[in-house]
Amino acid sequence: MVPAISIQSLTKFYGRLQALGQVSFQVEEGDFFGFLGPNGAGKTTTISVVTGLANYQAGEVEVFGYDVRREYRKTRALIGLVPQEFNFDPFLSAEQILVFEAGYFGFPRRAAQRRAEELLASFDLLKKRKEGYKRLSGGMKRRLLIARALMHQPKILVLDEPTAGIDLELRHRMWEFLRRINREGTTVFLTTHYIEEAEKLCNRIGVIHQGRMMAVDPTEVLIRKMARDRVELYLKRPISEIPEELRSLGVELANGGLKIQFEEREDRVGRVLQILHQRQAEIQRLDVRRPTLEDAFLKLTGSTLTPPLVGRGLG
Amino acid sequence: MKSLIGFQTLVGREIYRFFSVFTQTIIPPVVSSFLYIFIFGFSLGQRIENIHGFPYLVFLVPGLVMMYVIEGAYSNTSSSLFISRWANNIEELLVTPLSYFQMVLAVLIGGLARSLVVALGVYLVSLFFVQFPMAHLGTVVYFLTLVSLAFSSVGMIVALFAEEFEHLSICTTFVITPLIFFGGVFHSLEMVPRGIKWLTVFNPMFYMINGLRYGMLGTSDAPVLLSAVIVMVIFVALFSLTVYLFRIGFKLRK
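These protein sequence lines map, in sequence, to chains A and B.
Heads up, the first sequence is in the numbering used here, so the first residue is 9 and it goes up one at a time.
Heads up, the second sequence is in the numbering used here, so the first residue is 2 and it goes up one at a time.
The set of hints was computed from the structure by calculation and includes no laboratory data.
Just to be clear, a hint being listed does not mean it is correct.
As the list claims (entries may be wrong) - The calculated EDC-like cross-link candidates involving lysine to aspartate or glutamate, where the alpha carbons are at most 20 Å apart (straight line), are:
| hint | chain 1 | residue 1 | chain 2 | residue 2 |
| --- | --- | --- | --- | --- |
| 1 | A | K233 | A | E271 |
| 2 | B | K255 | A | E79 |
| 3 | A | K208 | A | E79 |
| 4 | A | K163 | A | D132 |
| 5 | A | K267 | A | D295 |
| 6 | A | K208 | A | E253 |
| 7 | A | K82 | B | E167 |
| 8 | B | K252 | B | E167 |
| 9 | B | K255 | A | D75 |
| 10 | A | K136 | A | E126 |
| 11 | A | K142 | A | D132 |
| 12 | A | K307 | A | E271 |
| 13 | A | K142 | B | E191 |
| 14 | A | K163 | B | E167 |
| 15 | A | K163 | A | E36 |
| 16 | A | K82 | A | E68 |
| 17 | B | K198 | B | E93 |
| 18 | A | K244 | A | D295 |
| 19 | A | K208 | A | E252 |
| 20 | B | K255 | A | E93 |
| 21 | B | K255 | A | E169 |
| 22 | B | K255 | A | D295 |
| 23 | A | K307 | A | D237 |
| 24 | B | K252 | A | E93 |
| 25 | A | K138 | A | E169 |
| 26 | A | K136 | A | E169 |
| 27 | A | K233 | A | E126 |
| 28 | B | K3 | A | E79 |
| 29 | A | K149 | B | E93 |
Said to hold, decoys possible - Output of the computed footprint for chain A on chain B, the stretches with three or more beta carbons under 8 Å from beta carbons of chain A:
| hint | region |
| --- | --- |
| 30 | 139-145 |
| 31 | 219-230 |
Yeah, the Cβ is synthetic: ideal placement off N, Cα and C, and Gly gets one too.
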């Protein structure tokens with residue numbers, strides 16, 4: 009089967025600065041693909057190349073087998089783009105924005121009006137249809153961006169940070185909507201800062217860091233590959249030091265000798281329990297902390313996806 | 002078929018844009034043409050002797066029409082494209098399956114539509130003062146269309162190079178307006194001092210204004226065929242350059 013998006017050895021410079029270096033990955037048809045990376049990693053640049061908003065110096069980029077440079081009209085017809093920033097036509101109302109958009113993609117006016125009506129209703133924008141976009145709230149503008157991208161019924165929906173800066177309720181409604189259109193057959197390519205979002209929605213994840221691909225895997229595989237379960241054993245009585253046999257298994261002591269913790273691998277938990285039993289240490293509780301995408305991301309890039317607010321002062 | 006609908010939609014959007022701000026795009030040139038005709042043609046013109054056998058007011062009308070056609074075409078495409086770059090909604094267009102040729106041509110047709118509406122307005126204003134039969138209607142249509150499309154291309158090129166709004170008016174103030182005025186809107190080549198007469202032949206506006214004057218009055222300072230060829234060459238060169246700039250994504254793609 010032809011991949012929905014195929015990127016091979018993509019290299020892109022801004023002047024002398026290399027933004028993307030030998031980036032390669034594929035998005036299969038029907039995927040809900042998460043594209044993760046910290047700010048400036050190259051996510052938006054990659055999207056821009058795929059959608060035709062950026063030139064590139066080397067590599068092959070195809071959408072359903074069509075080259076994005078040589079066959080740009082075919083590739084663009086297949087993609088709906090939800091950009092990070094609002095980029096609406098300042099002369100048009102919400103409804104006109106949708107109708108004109110469909111027109112650019114070849115929809116006859118009547119069909120475009122019907123489709124606009126449907127999408128305005130499903131995005132709860134019907135009451136604002138005659139308003140210019142500047143009179144819409146941030147959440148409404150965000151919904152209008154998605155509605156616009158869907159007007160021509162694209163086979164691939166590309167979303168660049170669609171939930172940045174929107175409230176929790178709207179975010180959850182948007183998740184539901186994206187899940188639904190993905191179930192109905194639209195391939196979704198999503199960049200996000202929210203690990204939770206990618207973890208909940210995406211079946212495959214690509215991680216980019218400093219313009220280079222660090223990993224591309226099914227979400228579960230990526231998490232398992234990069235991070236393991238962390239086992240925490242709480243003891244009834246504290247121990248002063250870790251027995252020699254446990255130290256070689258990477259076990260650490262915490263909570264003043266009341267907690268033993270380690271990364272689970274190759275049935276390590278069985279051996280630890282056996283040794284503790286032999287030492288007659290009584291266990292009060294056992295916790296297993298499942299690894300998250302954040303852990304995997306941390307391991308891959310050495311940084312968290314969203315830097316903490318503390319330390320990002322204005323000074 | 003789909004491609005044609007996309008093209009028509011963009012033409013429609015361009016026409017809608019200038020009509021939605023008609024107080025800035027249509028009314029001002031019509032009002033100022035009235036002032037020119039009234040002051041220069043009707044009042045002062047009565048003291049000027051006939052030029053090429055026509056009263057000054059009649060001689061003035063084709064020049065004024067061409068002046069506003071050029072300004073209208075340039076302003077329309079330069080502001081439309083620059084605002085699109087500035088508001089970033091040019092990206093909305095660049096991700097559509099329209100070809101670069103279609104994108105450019107549709108925007109140019111928007112400029113053509115505006116300048117034809119303005120030309121009609123200026124001509125209707127002139128009818129209050131003077132009436133004369135059109136000498137060669139086909140020639141009128143040829144020059145109005147090609148000059149308008151050529152300056153619509155200039156507007157797009159300038160809008161691509163411009164970094165600020167002021168850059169658009171710099172081109173009008175320092176290049177277009179002086180060339181129009183020296184090109185013979187208000188005077189005949191006969192009235193230019195002999196020492197600098199030769200300079201006029203390097204002014205493209207001279208051929209545009211005289212081409213339209215030939216179409217409307219049947220008289221011209223330049224051979225009409227030469228004017229027609231020069232206008233065509235200028236249009237083809239500017240149109241090709243605009244399409245080329247779109248194709249390479251000059252200041253459009255990152």
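Hint-by-hint comparison with the structure:
Our distance criterion of 20 Å between C-alpha atoms is met by K233 (chain A) and E271 (chain A), whose separation comes to about 13 Å. This hinted pair checks out: K255 (chain B) and E79 (chain A) have alpha carbons roughly 19 Å apart, not beyond 20 Å. Note on K208 (chain A) and E79 (chain A): the hinted pairing is violated, with a Cα-Cα distance of about 34 Å set against a maximum of 20 Å. For the hint pairing K163 (chain A) with D132 (chain A), the CA-to-CA distance comes to about 23 Å; that exceeds 20 Å, so the pair is violated.
With a C-alpha separation of about 11 Å, the suggested pair K267 (chain A) and D295 (chain A) falls inside the 20 Å cut-off, and the hint holds. Of the pairs offered as hints, the one joining K208 (chain A) and E253 (chain A) is violated, with about 39 Å between alpha carbons and a cut-off of 20 Å exceeded. This hinted pair does not check out: K82 (chain A) and E167 (chain B) have alpha carbons roughly 38 Å apart, beyond 20 Å. A threshold of 20 Å between alpha carbons decides the hint, and for K252 (chain B) with E167 (chain B) the separation of about 17 Å falls inside it, so the pair holds.
For the proposed pair K255 (chain B) and D75 (chain A), the alpha carbon gap of about 18 Å is at most 20 Å, so the pair holds. A hinted pair counts as satisfied when its Cα atoms are at most 20 Å apart, and K136 (chain A) with E126 (chain A) qualifies at roughly 14 Å. Between the alpha carbons of K142 (chain A) and D132 (chain A) the distance comes to roughly 17 Å, so the proposed pair stays at or under 20 Å and holds. With a C-alpha separation of about 14 Å, the suggested pairing of K307 (chain A) with E271 (chain A) holds against the 20 Å cut-off.
With a C-alpha separation of about 55 Å, the suggested pair K142 (chain A) and E191 (chain B) falls outside the 20 Å cut-off, and the hint is violated. Our distance criterion of 20 Å between C-alpha atoms is broken by K163 (chain A) and E167 (chain B), whose separation comes to about 42 Å. A C-alpha spacing of about 12 Å is found between K163 (chain A) and E36 (chain A), which places the hinted pair at or below 20 Å, so the restraint holds. Taking the CA atoms of K82 (chain A) and E68 (chain A), the gap is near 16 Å; set against the 20 Å cutoff, the hint holds.
For the hint linking K198 (chain B) to E93 (chain B), the alpha-carbon distance of about 49 Å lies beyond 20 Å, and the restraint is violated. For the proposed pair K244 (chain A) and D295 (chain A), the alpha carbon gap of about 14 Å is at most 20 Å, so the pair holds. Straight-line distance between C-alpha atoms of K208 (chain A) and E252 (chain A) comes to about 41 Å, which puts the hinted pair past the 20 Å bound. Proposed proximity of K255 (chain B) and E93 (chain A) is supported: the alpha carbons are some 15 Å apart, at most 20 Å.
Under the criterion of a C-alpha separation no larger than 20 Å, the hint pairing K255 (chain B) with E169 (chain A) is consistent with the structure, at around 19 Å. The suggested pairing of K255 (chain B) with D295 (chain A) is violated, with an alpha-carbon distance near 50 Å, which exceeds 20 Å. Simply put, K307 (chain A) and D237 (chain A) have alpha-carbon atoms about 14 Å apart, close enough for the 20 Å limit, and the pair holds. In summary, the hint linking K252 (chain B) to E93 (chain A) is supported, as the alpha carbons are separated by about 18 Å, within the 20 Å threshold.
Our distance criterion of 20 Å between C-alpha atoms is broken by K138 (chain A) and E169 (chain A), whose separation comes to about 27 Å. Using a Cα cut-off of 20 Å, the hinted pair K136 (chain A) and E169 (chain A) is violated, with the two alpha carbons roughly 24 Å apart. About 43 Å separates the Cα atoms of K233 (chain A) and E126 (chain A), which puts this hinted pair outside 20 Å; it is violated. The hinted pair formed by K3 (chain B) and E79 (chain A) meets the criterion: a straight-line CA distance of about 16 Å does not exceed 20 Å.
Restraint check for K149 (chain A) and E93 (chain B): the C-alpha separation of about 15 Å stays at or below 20 Å, so the hint holds. Only residues whose beta carbon comes within less than 8 Å of a beta carbon in chain A count, and the region 139-145 of chain B has 0; fewer than three means the coverage is violated. Three residues within the 8 Å Cβ limit are the bar, and the region 219-230 of chain B against chain A gives 0, so the coverage statement is violated.
Of the numbered hints stated above, those contradicted by the structure are hints 3, 4, 6, 7, 13, 14, 17, 19, 22, 25, 26, 27, 30, 31, listed in ascending order.
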